[in-house]
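Respectively, the protein sequence lines represent chains V and L.
Start counting the first sequence at 1; every next residue gets the next number (our numbering).
Start counting the second sequence at 1001; every next residue gets the next number (our numbering).
Just so you know, not all the hints are guaranteed correct.
Claimed, not checked - Derived SDA-like pairs (lysine to any residue); straight-line CA-CA distance at most 20 angstroms: (1) L:LYS1152 x V:ASP304; (2) L:LYS1152 x L:GLN1166; (3) V:LYS280 x L:MET1175; (4) L:LYS1152 x V:ASP290; (5) V:LYS280 x L:LYS1152; (6) L:LYS1152 x V:THR41; (7) V:LYS239 x V:LYS280; (8) L:LYS1152 x V:THR266; (9) L:LYS1152 x V:ALA303; (10) L:LYS1152 x V:ARG154; (11) V:LYS280 x L:GLU1180.
Stated by the list, open to error - With beta-carbon atoms standing in for the labels, derived distance ranges: (12) L:THR1171 x V:GLY183: 55 to 63 angstroms; (13) V:ARG98 x L:LYS1152: 53 to 61 angstroms; (14) V:GLY126 x L:LYS1152: 55 to 63 angstroms; (15) L:GLU1182 x V:ARG287: 43 to 51 angstroms.
Read the hints as simulated data drawn from the structure, not as lab findings.
Here a beta-carbon is modelled for each residue, glycine too, at the ideal position from N, C-alpha and C.
What follows is each chain in one-letter form.
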Amino acid sequence: MITPSAPRRHARLLTALLGVSLLLTPDIPAKAAAVEPLPTTEIAPGVHVHQGSHHAWAAHDGEDVANIGFIVGARCVAVIDTGGSPAIGQRLKAAIERVTALPVCYVINTHMHPDHVLGNVALGAGSPGPAYVAHVRLGPSLSARAPYYLEAFRREGGQALAPDAVVYPTQTVADRASLDLGGRQLELRAWPTAHTDNDLTVFDQQTGTLFTGDLLFMGHLPVIDGQLRGWLRVVGELKALDVARAVPGHGTVSDDLRQAIGPEETYLTTVLREVRAAIKAGVPIARTLDQLSATGIAGWQLADEFHRRNLTAAYAELEWED
Amino acid sequence: MNPKRRMLISLPLLLAAGRMVHAQQAGATDPALDIDANPMWLQFRDSLFAGRPITTPADDVLRLEAPARAEDAAIVPIALRAQFPQSDSRYIRRIYLIIDNNPSPMGAVFDFTPASGRAEIETRVRVDAYTHMRAIAEMNDGKLFMSTRFVKASGGCSAPPGKDPQAALATLGRMRLRVEGEPVLNRPSLAQLMMSHPNHSGLAMDQLTRNYTPAHYVRLVRISYAGEPVLTAEVDFTISENPNFRFYFVPKGRGELKAEVLDSQSRRFEATLPVQPVSNPA
Chain V
1 MITPSAPRRH ARLLTALLGV SLLLTPDIPA KAAAVEPLPT TEIAPGVHVH
51 QGSHHAWAAH DGEDVANIGF IVGARCVAVI DTGGSPAIGQ RLKAAIERVT
101 ALPVCYVINT HMHPDHVLGN VALGAGSPGP AYVAHVRLGP SLSARAPYYL
151 EAFRREGGQA LAPDAVVYPT QTVADRASLD LGGRQLELRA WPTAHTDNDL
201 TVFDQQTGTL FTGDLLFMGH LPVIDGQLRG WLRVVGELKA LDVARAVPGH
251 GTVSDDLRQA IGPEETYLTT VLREVRAAIK AGVPIARTLD QLSATGIAGW
301 QLADEFHRRN LTAAYAELEW ED
Chain L
1001 MNPKRRMLIS LPLLLAAGRM VHAQQAGATD PALDIDANPM WLQFRDSLFA
1051 GRPITTPADD VLRLEAPARA EDAAIVPIAL RAQFPQSDSR YIRRIYLIID
1101 NNPSPMGAVF DFTPASGRAE IETRVRVDAY THMRAIAEMN DGKLFMSTRF
1151 VKASGGCSAP PGKDPQAALA TLGRMRLRVE GEPVLNRPSL AQLMMSHPNH
1201 SGLAMDQLTR NYTPAHYVRL VRISYAGEPV LTAEVDFTIS ENPNFRFYFV
1251 PKGRGELKAE VLDSQSRRFE ATLPVQPVSN PA
């Protein structure tokens, strides 16, 4: 459990009292807002990562759950995911400013989930502002879900965020793209439906670092919000990549992607096999959830939050097989 | 389709759509969460049942099965189960499914006949918010019974829209109709209808184009056996993407199980299955 620091709590209280949300002033200077920078680690030259905690996304303790990265080139900075609230985005901005005075030129989102995109709004300052880069299907998917995300955030006791707190891509990737940070190339790859229908990976050529987004979960139970069979195919492709290290969407940085992805592959394969068997045996969906409620979850965190959901999604997908 | 009933469904829908996001603003005292005072419910109660008594709880007549929490907001498995078999003298002729705080609260109306064998339905629905869910059975003598469940919305990043709309659209219209196990003459037999359809609500705006994805959903399912109606379901996007229904029918001899589906863009789909019931249970 992460306890919010005193200044952060103070800032939240102030925000609540004044009824003014941080997102209304995304370009407020870090110093004036007394924003505490997110702790980050330089995992390779110029590659900085903040590791989120293993919680389900929600207001307060669930805002800082996804991993966030930024990469510094000679000309500018690329941000990879922005955290689960505008406040986390503010803290990310402060963390970047502590490392470099270069501007942020790209804000890349690895997929549409709120714990990865809701900080976008805080990175929008500067002239010209950054390009927001994502999978070509992120926009429609986020658009369809944004009202529910904002409502869930408010329901759990967070700020009432206005619809324009959600910042959409200005540059999309249908297959592959390269971004130049000044002497530093990032290779972006848009994947077929897997964890979601808009997963995107970011590869830093200079250090061989792959940001997988939520195509790779470690410790935090994988969440199926796209297509189980598609995800397993993508896992197979990721295992074949030659990378020096991988930054998962949730969990610790690893210098062995093949090994890091093993537990996820085992879990997804188990869900696939067991749900498929239940469908073959004519077990209806509700009973399948009960029968498999403890199958495959040993060693994973957040299974209570996500395992039955995964079984539900897997069942609805796999019943159309053959 | 009964146009009058369709109007009853669509009027509160318009009122409800604008209020979706703020359904539970005031917490425990919010009328939206009050089983007796939810404004949508009061409106349906007055327009559909106008002063008629409704017996509740009524788990001895009709059971509503739903999870306490919608784990996946897009696919919440539910079941409506009559607690007695359909007979010519006593049967459930209609079940209304109302999900108070969904954008379209009255998401389904199921009509049964004695030939249904059992007034039972299993399906999957979308759940948008913390809500009471109601199943109201209307008996052949006009008496009304209501069973309710409270369902918490899913937390975090789960949301009602489908996961892969492109895939759903690509296979739109694919249908599967099958009988579970061996059908037995004159006994209720369980069958399942699956339909590939995105079931778009039309409520989601594309923020980039400021256009709404057009509403496109299954609105009518008509099941018959050997020409005799078994089940008629008037539904909307409350039903999950790729609508799925499990239901009963009674084969009184060899016949054809037939499912006709109409969607909101007036497309018509049909699936049939020849059935030859065995006379003795194995």
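Verification of the hints:
1. Distance check on the hinted pair: LYS1152 (chain L) and ASP304 (chain V) sit about 15 angstroms apart at the alpha-carbon level, within 20 angstroms; holds.
2. Of the supplied pair hints, the one linking LYS1152 (chain L) and GLN1166 (chain L) is violated, its CA atoms being roughly 29 angstroms apart against a limit of 20 angstroms.
3. The suggested pairing of LYS280 (chain V) with MET1175 (chain L) holds, with an alpha-carbon distance near 18 angstroms, which does not exceed 20 angstroms.
4. This hinted pair checks out: LYS1152 (chain L) and ASP290 (chain V) have alpha carbons roughly 18 angstroms apart, not beyond 20 angstroms.
5. Our distance criterion of 20 angstroms between C-alpha atoms is broken by LYS280 (chain V) and LYS1152 (chain L), whose separation comes to about 31 angstroms.
6. The suggested pairing of LYS1152 (chain L) with THR41 (chain V) is violated, with an alpha-carbon distance near 38 angstroms, which exceeds 20 angstroms.
7. With a C-alpha separation of about 30 angstroms, the suggested pairing of LYS239 (chain V) with LYS280 (chain V) is violated against the 20 angstroms cut-off.
8. Annotation: proposed proximity of LYS1152 (chain L) to THR266 (chain V) is violated, straight-line Cα distance about 31 angstroms (limit 20 angstroms).
9. Straight-line distance between C-alpha atoms of LYS1152 (chain L) and ALA303 (chain V) comes to about 18 angstroms, which keeps the hinted pair within the 20 angstroms bound.
10. Between the alpha carbons of LYS1152 (chain L) and ARG154 (chain V) the distance comes to roughly 15 angstroms, so the proposed pair stays at or under 20 angstroms and holds.
11. Between the alpha carbons of LYS280 (chain V) and GLU1180 (chain L) the distance comes to roughly 11 angstroms, so the proposed pair stays at or under 20 angstroms and holds.
12. Here the CB-CB span from THR1171 (chain L) to GLY183 (chain V) is close to 47 angstroms, at odds with the stated 55 to 63 angstroms.
13. Judged by the Cβ atoms, the range 53 to 61 angstroms given for ARG98 (chain V) and LYS1152 (chain L) is violated: they are separated by roughly 41 angstroms.
14. Taking the beta carbon of each, GLY126 (chain V) and LYS1152 (chain L) are about 41 angstroms apart, not inside 55 to 63 angstroms as hinted.
15. Under the hint 43 to 51 angstroms, the C-beta atoms of GLU1182 (chain L) and ARG287 (chain V), about 20 angstroms apart, miss the expected range.
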